[in-house]
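On the provided structure of chain A, position chain B with the ligand as indicated by the hints.
Chains as they are written, first to last, in our numbering: chain A, 1 to 380; chain B, 1 to 402.
No more than 30 angstroms apart at the CA atoms, straight line, and that leaves these computed lysine-lysine pairs for DSS-like: (1) A:K13 - B:K304; (2) B:K122 - B:K82; (3) B:K304 - A:K358; (4) B:K395 - A:K13; (5) B:K304 - A:K355.
Honestly, the hints are just simulated from the structure, not real lab data.
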Amino acid sequence: MAYVLNEDQQLLKTTAADFIKKECPVSRLRSLRDSGNAGGFDRAMWSRMAELGWPAILVPERHGGLEMGMTELCCVLEEFGKNLVPEPLFTSALLGAGTLLAAADEPHCAALLPEIATGSSLVTLAYHERGSRYDFLRTTTRARKHGLGWIIDGEKSLVFDGYVADKFIVSARTDGGVADRDGITLFVIDAGAAGLTVTKQSTMHLRDHALVLLAGVEVNGAAVLGSEGCGGEILEDVLDRASVGLSAEMLGNAEGAFEMTLEYLKTRKQFGVLIGTFQALKHRAAELFTEIELSRSAVLGACHALDHGLPEARSLVSVAKARCSDTAVLAGYEGIQMHGGIGMTDEHEIGFYAKRAKASELTFGDAAYHRDRFARLAGF
Amino acid sequence: MADHLEQFRERTRSWLEQNCPQSMRVQPGTRAPGELSDEVAWGGRNEHHTNPDVATWLALMAERGWTAPLWPKEYGGGGLSKPEAKILGEEMRRLRCKPALVGFGLTMIGPLLLEHGSEAQKKRFLPEVCRGEIRWCQGYSEPGAGSDLAGLQTKAELVGDEYVLNGQKVWTSYADKSDWMFILTRTDPDAPKHTGITFMLFDMETPGVTVRPIPLISGASPFCETFLEDVRVPKDQVVGDVNNGWTMAKALLGHERSMISEIFNEERERNLAVEAARKYIPGSEERIADASLRDGIAQLTMDKVCLDLTIARTKEAAKIGHQPGPESSIFKYYATELNKRRTATMVSIMGPQGLGWEGEGFEPSETQAVKNWLRARGNSIEGGTSEIQLNIIAKRVLGLPD
Ligand SMILES: Cc1cc2nc3c(=O)[nH]c(=O)nc-3n(C[C@H](O)[C@H](O)[C@H](O)COP(=O)(O)OP(=O)(O)OC[C@H]3O[C@@H](n4cnc5c(N)ncnc54)[C@H](O)[C@@H]3O)c2cc1C
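Chain B extracted, bound-state conformation:
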């Protein structure tokens, strides 16, 4: 067993060394914390990269099923055991390989289909997800239904073998770049709000779909309004049972929240706030000269240590077969609040250089830090707001009454 794993490690290492293009390895210190660089594949029909290595790396990894190492081979995954997948991850980190493919297909809809999809749906969609051929977006929120997601109004009426969708989704991240949407619709307007919802999938090129990007305070436009007018969705694109979409929604939110709390892994060896403080606060060669910021940076660093320890603790408990304990419910809340503080502190450290938006007089790292700070404000809104997370902890973990 151990022998087999060692061999697997050897083989993996030499394969990665030979096949991962140099430009798909992170150069130390180039990545802004919490932000994936542009040079990574999100997949789909609309993707264009100036660097051809992005596509090469994706094709090579997908061929082995290593974009989704744990998924079964028959669906395009790697069919690896957990220890093997862990080794793959370790070896990729060792060589600083960028992920070959990222996005909602791998982290959200894929796991959901594996669990709840029909055999035909798995065969149809999962291999495409693994090869990065379709990019997905999430159609949950509506103008009138955010935190109270179950109040959603987008109608889906069965006409013959098709559902006809009418309504509006909002804050749909990357809708303009995506090929397919997974959506929550109301199929029974008379049922109590949680029981009349159905989860389905459709192609964004279906007639009647209109997408309008919405600029964010950080300048980018990653999310959109999505209008649906008589959009026809074949019945076999419903996932799970009709009117059982809320169960799907909740299962998927679990994946989403754990993903959001894991993306804040900046490079561990370096403390970017300390490096910035040395640069921007005069006289900080030894100790950071601004005592208040120094204390704040120490606090942030120590809080991150505690969060990492808690995540490690949960993973260990899971490994020996414990159900995820109550500690896991705090991740989404704490990680996003911490990221807001961290990115805000970076701007404070830069002082007047933290005013930069673009162009002359500012370094790219400075304008990037400003955008990271603004973007981070959304961390505690997307995927369920902090207040909603606290509601969940109070109810589910602490058992406080409604």
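Bound-form chain A, shown alone:
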């Protein structure tokens, strides 16, 4: 079965759904925000999630993980998306463990993956720079050789969970021109390294993001992840998987927003009848449902291709990211519109979904970017 969950996967998903429904409903997002919580999430809750094994899903057994695939991880991420759960599963599993695995760097994997699997260490990826838009190769951060080590200077923006991360994997140019594929090297750097400053960025969608400034940060030769100059390839692999993970979250966003909206259509009355009797709204709801079902297929298709190393994996990643971006944004917009005035208020949760959807759309390439990438991959 390629596109239907097997029993184990279904169980994993149901467990996640039940846990999250009970412990992390979307209302918790507002209380975390209003309490001024620094990282935007709750460490005790994250530990409980680690006990359920979620950060260990992609980690190989020999490093203390569950050695499952993208399909399994996305089962859980979809549930995170449904309730906008702020705990850093996406970051830890895909940007942390994911980058280490893509680099296939055994010493770094052995050192870091066991801690990632237990949730005791949070590793994130700092690759994006202001002005690079969606081009992950465009890197102005520079690393200069210094004895046996390196000195790194530059600025990284919108680093996922950067404010609370224990370690950063930073992309820096060691060779080549600003947008070249070759000449990018990844470095593993401690959050406490001298010269590294982290500033929390306030984003519309309440996801922890940080600005990471590197001013003469010194690292030794062993900090290099994978091999020198080969970071571009690794980044493409990581961002492909991350795009699918984010797509699964967006699928969840869309479902969460849709569920809430459908409920409203069945309870709110105007003109003496339920607003769900109005055909103008019914048809839009049915169209949105259609988009959600197609998005689900896109996510399952991309996961299957990645888990089985199929040649069409990259194209299917773009199919998923484009489709889920469009669907999640639509679900947010339609959600606000169909709620009327209350949908515009901060008091109502539908707005959280709209903001999260837009932010995720603009991360790792929007729908137009991925259509263009799909066309390039197909040779047109």
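Then chain B with the ligand, alone, in the frame of chain A:
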């Protein structure tokens, strides 16, 4: 078990290789997407093909029951198990064999009779369907009853052992070429509209039946007006119970909708829109030079991937015994809307060459693309309009109130 299937595959392959005439194998790239070529049997008394292979291929396949591989042997089918039928399909695709027989008999009325027909009806009609001896048309829509099908007015009054039919059907596809019609009639004018309807079958040569073809915007005339004046139909040609025709109608619409959403399988290996773009948009040897059309083509291709994945997902779920999930209700709606966009894009890609209707100055593929585009507008009308599909999703799947 696996052994048996492998043997079946071997035997099937060599039989097809030996028996399928070369002219009944699709030459790559000759088929216009979404349109079956003329050179395939629809069956019936009125069929004439210049190519004798059409009839030969039909006779050979029918003899083995392989025009309806899953139907029981006693009714002219192949009596194959699902895995065997799948293998037959795979081997036919591998050799690019055209279907030996197509049409409403196999896809609509046959499955309905299997499920709801009397034993005598099955014995009488199904073998003829399998051998392609009768071609069927569908008499549902009337001038006053389209989307609101249950409002149909064609009267059927019982006189002795016969029903006497009076009324008019419209948009009857291929009525002029068909031998029999399956029809919805009103047998109880006083009952609530859904409960006074009866489903029956009659021979188009019965006195009182008049058919008038109606040209479409695409130039062809596949559908007709059908007038019924004192048409006498023996009682034993009623399918299911009298006044229970609406149940039959709904069962059959299910078959029809899944069929409509499956016919848009153009050749997967090729992207015809991309090929056309390279040809018609100068400077498109590498990237398609028109960025807006390129984006549109990518969107269409990706949407098709999502639809195919969804269909695959539904089939898998069905295989492990799940009821068709809510996702299947979107097929008719989405597939037809997608086909409209796809065929319209083909014409846009051709630019001024997309003006062609016939004759000098245009290639057959160009005029065909124009006709495909026009014909496709009907996809979201026939078999229940898109709006009706959305109504159904809203009500049955989303549970929205009336
Ligand atoms: C190519 C083609 C082949 C066909 N072949 C056959 C055939 O073989 N046999 C047969 O019996 N019929 C056939 N039909 C007829 C087809 O089933 C009807 O055309 C269809 O059901 C619509 O009915 P109508 O044409 O009366 O349109 P109407 O029902 O009058 O619809 C007009 C418009 O109103 C909309 N509308 C109607 N009701 C609602 C509602 N409740 N909510 C929202 N919008 C609504 C429709 O969506 C449409 O946009 C064929 C049609 C086509 C185009």
